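Number of protein chains: 2
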Amino acid sequence: MTDLAQIDAYIVAHQQEALAQLARLCAIPSVSAKGQELEPCARQVAEWMRLRGLDVQVLPTDGGPPVVYGEAPADRSDAPTVLFYNHYDVQPAEPLELWESDPFTLTVRDGRAFARGAGDDKGHILSRLLALEAVRAAHGGAYPFHVRFLVEGEEEIGSPHLGAFIERHRERLRADACIWEEGGVDDQDRPFLYCGMRGIAYFELRVRTLARDAHSGVGGSLLPNAAWRLVWALASLKDRHERILLPGHYEDARPPSLRDLQLLDALPDDAAILRAEFGLAEGELLGGRRTTGLEYRRRAVFEPTLTLCGIESGWQGPGAKTVLPATARAKMDFRLVPDQDPERVHRALRAYLDAQGFTDIEVAYLGGQRPARVDPDHPLVHLAAKTGEAVYGQPALITPLVGGSGPMWWFAHFLGMPVVSPGIEYPGLRAHAPNEHIRLQDFERGTRHLAHLLARIGEAVPAR
Amino acid sequence: MTDLAQIDAYIVAHQQEALAQLARLCAIPSVSAKGQELEPCARQVAEWMRLRGLDVQVLPTDGGPPVVYGEAPADRSDAPTVLFYNHYDVQPAEPLELWESDPFTLTVRDGRAFARGAGDDKGHILSRLLALEAVRAAHGGAYPFHVRFLVEGEEEIGSPHLGAFIERHRERLRADACIWEEGGVDDQDRPFLYCGMRGIAYFELRVRTLARDAHSGVGGSLLPNAAWRLVWALASLKDRHERILLPGHYEDARPPSLRDLQLLDALPDDAAILRAEFGLAEGELLGGRRTTGLEYRRRAVFEPTLTLCGIESGWQGPGAKTVLPATARAKMDFRLVPDQDPERVHRALRAYLDAQGFTDIEVAYLGGQRPARVDPDHPLVHLAAKTGEAVYGQPALITPLVGGSGPMWWFAHFLGMPVVSPGIEYPGLRAHAPNEHIRLQDFERGTRHLAHLLARIGEAVPAR
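Protein chains in written order, with numbering that gives the first Met the number 0: chain A, 0 to 463; chain B, 0 to 463.
A portion of the hints provided could be inaccurate.
[Said to hold, decoys possible] Straight line, CA to CA, 20 Å or less: simulated SDA-like cross-link-like pairs of lysine to any residue:
1) A:LYS33 x B:GLY316
2) B:LYS33 x A:ARG189
3) B:LYS33 x B:GLU203
4) A:LYS385 x A:LEU3
5) A:LYS385 x A:ARG189
6) A:LYS385 x A:GLN261
7) B:LYS385 x B:GLY457
8) B:LYS33 x B:THR60
9) A:LYS33 x A:LEU95
10) A:LYS33 x A:GLU93
11) A:LYS33 x B:HIS214
12) B:LYS33 x A:GLN56
13) B:LYS33 x A:TRP314
14) A:LYS33 x A:ALA432
15) B:LYS33 x B:ASP61
16) B:LYS33 x A:LEU3
17) B:LYS385 x B:PRO375
18) A:LYS33 x B:GLY318
19) A:LYS385 x A:LEU396
20) B:LYS385 x B:GLN261
21) A:LYS33 x B:GLN315
22) B:LYS33 x B:GLU96
23) A:LYS33 x B:PRO317
24) B:LYS385 x B:ASP188
25) B:LYS385 x B:ARG455
26) B:LYS33 x A:GLN315
Simulated from the structure, these hints should not be mistaken for lab results.
Here the structure is a predicted model, which is why all the values come from computation and not from measurement.
Kindly produce the complete structure, drawing on both the sequences and the hints.
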């Protein structure tokens with residue numbers, strides 16, 4: 000049995016070093032949406048992994064940025080294998096003017112470290128590596144489990160090449176447990192574990208009706224307007240009651256089980272927190288006054304959604320310009336619940352637009368993920384809850400599904416292993432938004448939680 | 000009787016001088032949509048007017064850029080009064096990269112003069128002034144009619160302060176005829192006269208649903224999405240068959256009279272030209288295959304329209320960003336036929352959005368104009384047609400209404416005078432677009448046409 004106090008001491012003693020390495024990583028603006036600085040970031044991740052004794056390769060993908068893959072053997076061959084999944088890419092930092100410090104310079108103030116990627120997901124990469132170090136040091140300089148560490152570079156745009164990579168490297172990625180790329184605490188510092196993610200299907204709709212823009216006085220009643228075509232097509236996809244109108248879209252949406260609802264019911268009610276964060280009065284959440292308590296939590300994750308993420312056409316400057324636009328574009332994501340399938344949504348979207356007379360609307364599929372579920376009563380989840388409670392002094396919260404998406408299906412279903420999510424986040428993190436940051440205390444506690452879980456992982460997953 | 004040959008010789012001899020003055024005017028980027036360089040441009044116009052012996056004042060408006068107003072007496076007090084209406088502001092030059100020469104440097108090549116405002120409307124200002132000079136020179140150095148010359152600075156954004164100005168200066172603006180700010184020839188060099196303009200009501204719709212943008216994974220089924228709200232509101236305003244859904248909107252739309260239809264029927268068929276310009280195949284104009292001949296010309300001007308001019312919300316950069324937008328905006332214009340009223344449309348729009356549940360959509364009224372009609376059989380129109388035929392060697396085309404909008408109502412209805420539109424344009428002018436230009440031959444012939452009309456104006460409008 001590894002000494003947990005020794006692990007804790009190690010983490011405290013080496014945290015500054017890890018944060019300095021995090022700063023180096025955050026200085027590389029690896030924005031996958033722009034294809035920016037991905038290879039340099041992959042090489043830096045590889046360097047930080049090698050420092051922890053991993054045998055690292057920067058492996059190509061078919062058309063995407065490389066995957067950083069590292070492995071290290073356990074001190075005995077029949078030990079279990081643990082696979083870490085993380086990503087080195089980040090969301091765009093725009094709008095830049097809303098950042099209080101440079102998004103690509105890790106800046107510590109008031110016990111918090113600000114940068115794009117500080118939490119999502121570069122901070123987690125360093126937290127995982129520091130936890131590995133600590134466990135190894137406390138275990139006599141060797142790992143008590145086989146390490147597999149996979150860091151991809153396209154998570155923020157839907158991991159379009161990860162699936163093919165995992166299919167190709169299936170054998171070496173076999174493991175008994177997967178440590179997910181994120182996780183953390185709720186607003187009252189309770190460790191928060193989740194056992195599934197929604198899927199996603201992201202599309203760009205494009206339309207061109209004319210060779211060039213026209214004058215609205217000449218063309219208004221004669222020339223097809225790209226902006227109107229797009230508006231009508233979008234309005235045909237979802238009604239004002241948030242009902243998605245693709246035929247059969249809800250047929251694949253498995254309702255929550257009683258166990259799911261029990262888990263949701265045991266969670267705290269954070270509807271008021273969400274409302275406060277976005278400046279909404281009571282009853283202003285979608286669904287109105289009934290969106291509270293269990294219904295709020297059910298709706299938050301078990302409802303398929305269709306979000307318009309962006310739309311643009313014509314004149315967007317100041318004042319009035321009487322132009323009739325030739326082109327228009329919209330971006331949107333469907334969030335999918337088990338057992339919806341992004342490829343099926345893609346086909347249904349094309350067929351529906353055609354049937355509605357919108358053959359002129361081009362559909363570009365920018366990426367998708369299948370939804371994933373993990374058994375919330377798996378021993379690994381129980382162990383993560385138990386170790387979390389010990390570190391944080393409060394019982395862990397276990398949720399069956401979160402609203403976000405990621406490539407969890409490949410790990411939980413395709414590779415078939417349990418997945419757990421200890422981590423360094425808190426609800427004020429501002430992932431994907433200006434002033435993304437982590438709290439330093441969360442970095443320490445999240446790393447300790449993970450290290451304790453790793454030190455005891457043999458209790459939850461069997462040796463080979 | 001003034002000698003028309005002497006007028007023609009004067010215009011030919013002084014055209015280069017007028018074009019040099021036009022170049023000075025075009026060098027001032029007086030973009031009203033941006034509130035840019037309007038006063039300097041007004042002062043330059045005043046200088047060019049003073050050179051023609053006008054007594055000029057740069058008069059303030061209530062909150063807008065100044066109006067340049069000049070007047071000169073006739074050689075006898077009972078002569079008729081002619082009011083010239085023009086504007087010194089221009090449309091934005093964007094997109095700049097599509098200009099083949101700098102938009103604010105008048106550049107002559109292949110017999111054409113390129114610049115923003117070369118045609119719309121600075122070229123017309125110089126054409127009017129050159130015609131006045133020529134008539135005065137041929138009339139022994141005095142004007143055969145009282146001159147009133149009004150040049151405003153907000154036509155391109157809907158002349159929001161012109162009405163109040165005209166109300167305040169009603170007495171001094173009284174006249175017997177109005178020379179409109181534009182006009183020209185069709186694609187076969189036939190002089191084109193119009194007897195009315197559509198009205199317009201320009202709006203910006205704005206919505207904010209959240210204090211800030213959200214992550215679509217968290218908020219998709221909980222947080223109201225500004226882009227969706229806007230799309231649904233827009234889709235409620237016009238259906239896919241181009242029918243505007245504001246209650247009563249078509250009740251005020253006076254159908255064309257038989258005389259209107261006779262005039263339209265006598266016009267050449269330019270549906271194929273419009274289709275070619277915008278890359279549309281047969282049957283791709285709105286209304287399909289029946290949009291040709293008389294129906295094309297009726298539809299082009301006698302149908303009320305609602306054009307989406309611009310829309311923007313959320314992420315518009317490359318790739319996928321999973322953002323749920325807090326704000327969204329759209330710009331749109333209604334083109335109004337007689338007897339629709341922009342103020343009434345404004346009230347109807349607000350009431351309709353409220354009734355549809357879109358109280359969250361802010362409606363900003365960016366400007367409007369009432370539709371205007373002039374009797375196509377007024378002697379002034381007939382004289383303009385006759386003098387046009389003499390200059391161009393082809394019969395004039397007379398149309399009851401054009402698709403564009405302007406403040407003609409204030410002249411034709413409020414001040415109550417006939418309005419005619421001789422001018423220097425041709426269909427390839429590219430007003431409001433990159434590479435706006437005039438043909439030099441049109442500048443000469445349009446100026447001669449106007450000067451001939453002015454020299455004989457006593458035949459069409461009575462002396463006092």
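Hint-by-hint comparison with the structure:
Distance hint between LYS33 of chain A and GLY316 of chain B is fulfilled; the C-alpha atoms sit about 9 Å from each other, no more than 20 Å. With a C-alpha separation of about 53 Å, the suggested pair LYS33 of chain B and ARG189 of chain A falls outside the 20 Å cut-off, and the hint is violated. Proximity of LYS33 of chain B to GLU203 of chain B is assessed by CA-CA distance (about 16 Å); at most 20 Å being required, the pair is judged to hold. For the hint linking LYS385 of chain A to LEU3 of chain A, the alpha-carbon distance of about 14 Å falls within 20 Å, and the restraint holds.
With a CA separation close to 12 Å, the supplied pair LYS385 of chain A and ARG189 of chain A stays within the 20 Å bound. Taking the CA atoms of LYS385 of chain A and GLN261 of chain A, the gap is about 19 Å. The hint holds against a cut of 20 Å. At most 20 Å may separate the alpha-carbon atoms for a hinted pair to count; LYS385 of chain B and GLY457 of chain B meet this at roughly 14 Å. Only pairs whose Cα atoms come within 20 Å are accepted, and LYS33 of chain B paired with THR60 of chain B is accepted, the gap being roughly 17 Å.
For the given pair, LYS33 of chain A sits about 15 Å from LEU95 of chain A by alpha-carbon distance, which is consistent with the 20 Å threshold. Simply put, LYS33 of chain A and GLU93 of chain A have alpha-carbon atoms about 12 Å apart, close enough for the 20 Å limit, and the pair holds. Using a Cα cut-off of 20 Å, the hinted pair LYS33 of chain A and HIS214 of chain B holds, with the two alpha carbons roughly 19 Å apart. The straight-line distance between the Cα atoms of LYS33 of chain B and GLN56 of chain A is roughly 55 Å, outside the 20 Å bound, and the hint therefore fails.
With a CA separation close to 13 Å, the supplied pair LYS33 of chain B and TRP314 of chain A stays within the 20 Å bound. A distance of roughly 16 Å separates the Cα atoms of LYS33 of chain A and ALA432 of chain A; the hinted pair therefore holds under the 20 Å criterion. Between LYS33 of chain B and ASP61 of chain B the CA atoms are separated by roughly 18 Å; this keeps the pair inside 20 Å, and the hint holds. With a C-alpha separation of about 66 Å, the suggested pair LYS33 of chain B and LEU3 of chain A falls outside the 20 Å cut-off, and the hint is violated.
For a cut-off of 20 Å, the pair hint linking LYS385 of chain B to PRO375 of chain B stands: about 13 Å separates their Cα positions. Between LYS33 of chain A and GLY318 of chain B the alpha-carbon distance is near 7 Å, which keeps this suggested pair within the 20 Å criterion. Under the criterion of a C-alpha separation no larger than 20 Å, the hint pairing LYS385 of chain A with LEU396 of chain A is consistent with the structure, at around 11 Å. For the hint linking LYS385 of chain B to GLN261 of chain B, the alpha-carbon distance of about 19 Å falls within 20 Å, and the restraint holds.
As the CA atoms of LYS33 of chain A and GLN315 of chain B are separated by approximately 12 Å, the hinted pair is consistent with the 20 Å bound. A threshold of 20 Å between alpha carbons decides the hint, and for LYS33 of chain B with GLU96 of chain B the separation of about 19 Å falls inside it, so the pair holds. Among the hinted pairs, LYS33 of chain A with PRO317 of chain B is consistent with the structure: their alpha-carbon atoms are about 6 Å apart, no more than 20 Å. Taking the CA atoms of LYS385 of chain B and ASP188 of chain B, the gap is near 15 Å; set against the 20 Å cutoff, the hint holds.
About 11 Å separates the Cα atoms of LYS385 of chain B and ARG455 of chain B, which keeps this hinted pair within 20 Å; it holds. Under the criterion of a C-alpha separation no larger than 20 Å, the hint pairing LYS33 of chain B with GLN315 of chain A is consistent with the structure, at around 12 Å.
The structure shown violates the earlier hints numbered 2, 12, 16.
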